[in-house]
Amino acid sequence: MAALTHFPKLRITELVGRFGGVSRDEAIAQAKQELASMRDESNDVIEGSIKALEAIIYAPAERSRYSDDQLKQILVLCDQIVTLAGTFEYAALDQTTRSLCDVADGLLRTKKSDVASVHVHMRAMQMVNPKAPPLNEEQIKMMLAELRKILAHHGFDQLSASADKISFEDVPTT
Amino acid sequence: MAQPRLNLKNIAGLLVDRDAFTRGLIAQMLRGFGIEKLMVAGTGAEAKQMIQGNCPDICFVEGALDDMATADFIGWIRRQTSQALRFMPVIVLTGYTQLRLIAAARDGGAHIVIRKPVSPQTLFDRINWVARVSRPFLETPNYIGPDRRFHSIDPPDEKWKRATDVPIETTAQAS
Numbered sequence: 001m002a003a004l005t006h007f008p009k010l011r012i013t014e015l016v017g018r019f020g021g022v023s024r025d026e027a028i029a030q031a032k033q034e035l036a037s038m039r040d041e042s043n044d045v046i047e048g049s050i051k052a053l054e055a056i057i058y059a060p061a062e063r064s065r066y067s068d069d070q071l072k073q074i075l076v077l078c079d080q081i082v083t084l085a086g087t088f089e090y091a092a093l094d095q096t097t098r099s100l101c102d103v104a105d106g107l108l109r110t111k112k113s114d115v116a117s118v119h120v121h122m123r124a125m126q127m128v129n130p131k132a133p134p135l136n137e138e139q140i141k142m143m144l145a146e147l148r149k150i151l152a153h154h155g156f157d158q159l160s161a162s163a164d165k166i167s168f169e170d171v172p173t174t
Numbered sequence: 001m002a003q004p005r006l007n008l009k010n011i012a013g014l015l016v017d018r019d020a021f022t023r024g025l026i027a028q029m030l031r032g033f034g035i036e037k038l039m040v041a042g043t044g045a046e047a048k049q050m051i052q053g054n055c056p057d058i059c060f061v062e063g064a065l066d067d068m069a070t071a072d073f074i075g076w077i078r079r080q081t082s083q084a085l086r087f088m089p090v091i092v093l094t095g096y097t098q099l100r101l102i103a104a105a106r107d108g109g110a111h112i113v114i115r116k117p118v119s120p121q122t123l124f125d126r127i128n129w130v131a132r133v134s135r136p137f138l139e140t141p142n143y144i145g146p147d148r149r150f151h152s153i154d155p156p157d158e159k160w161k162r163a164t165d166v167p168i169e170t171t172a173q174a175s
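Keeping their order, the protein sequence lines are chains A and B. Per my numbering, residue 1 is the first one in the first sequence, and the count goes up by one each step. Per my numbering, residue 1 is the first one in the second sequence, and the count goes up by one each step.
Everything labelled a hint here was simulated from the structure, so no lab data went into it. All the pointers check out, no bait thrown in.
DSBU-like mimics (lysine-lysine), calculated; alpha carbons at most 35 Å apart, straight line:
hint, chain 1, residue 1, chain 2, residue 2
1, A, Lys32, B, Lys48
2, A, Lys112, A, Lys149
3, A, Lys112, A, Lys51
4, A, Lys32, B, Lys9
5, B, Lys48, A, Lys9
6, A, Lys9, B, Lys37
7, B, Lys37, A, Lys32
8, B, Lys48, A, Lys51
9, A, Lys9, B, Lys9
10, A, Lys72, B, Lys48
Construct all of the structure, not just a fragment, from the sequences and the given hints.
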């Protein structure tokens, strides 16, 4: 099959240009307002996901290791928490959960056995849960530094570092 | 300078994400932008059914679906006979643990990949870009999707990643 090049006319191109609509600032302000109304519900979801994580993390398949299925479940739950923590700007929870993702992903890829590192992350996440009493900046800094040591000890990469660098995000903003 | 206006009122969108709450979050943002016709699906199979019944103008799909690879889902869209469907802009939203899937989504024929968490600013700008910048659509034995080459467009932050990535103007001045 020879390579074909089309120059399609998209319906969306025609529709977005029609009279009316909203400016960028208006659209973003409205979307932010919609998001803000979901903050409480999001906190409940985060708490629920942390509880679901605890159920998996405190019951490893073997005494010193998690099964692949358990690690995959941990990643799915963490992914949701990272999304919510990022959206609602819970920086400490975001970084702690990303670190747990990196550990779980590393354990899954290298087939290493380690329950303690995951437990430490779980406790850290409980401490930075939006519904927990807030930690001060110094405490958070210290906690994140300890989590980084775990990652360094295992030699695991950050998932963001191992991601494909050819991202489509580099497009012009208007 | 006046900001460009975007009329999304009559756009039909399809949002596919396995997580109900995340789906709700993105849907709220899109509704905030003015999209009134929004279909939501939790799986690829559900999304396929919806697509066949109503042809959306734009699709937002997460990087890892439960029942099929997102790249396969996009590939299925790209092989449809209806041109409106085949050329439909597809925006992939990838979570932190799905970052390794970026290349697969790109090779599957996605228009753009955005990392979660998605801010309203990013989402709005990307929709605007996909809707306004016309890109050639390629059909080859190995790839069906929008042209992935962006060499004629400067990066938004003006940070050049390679020594050869210099604007044409700069090259002309240097020579």
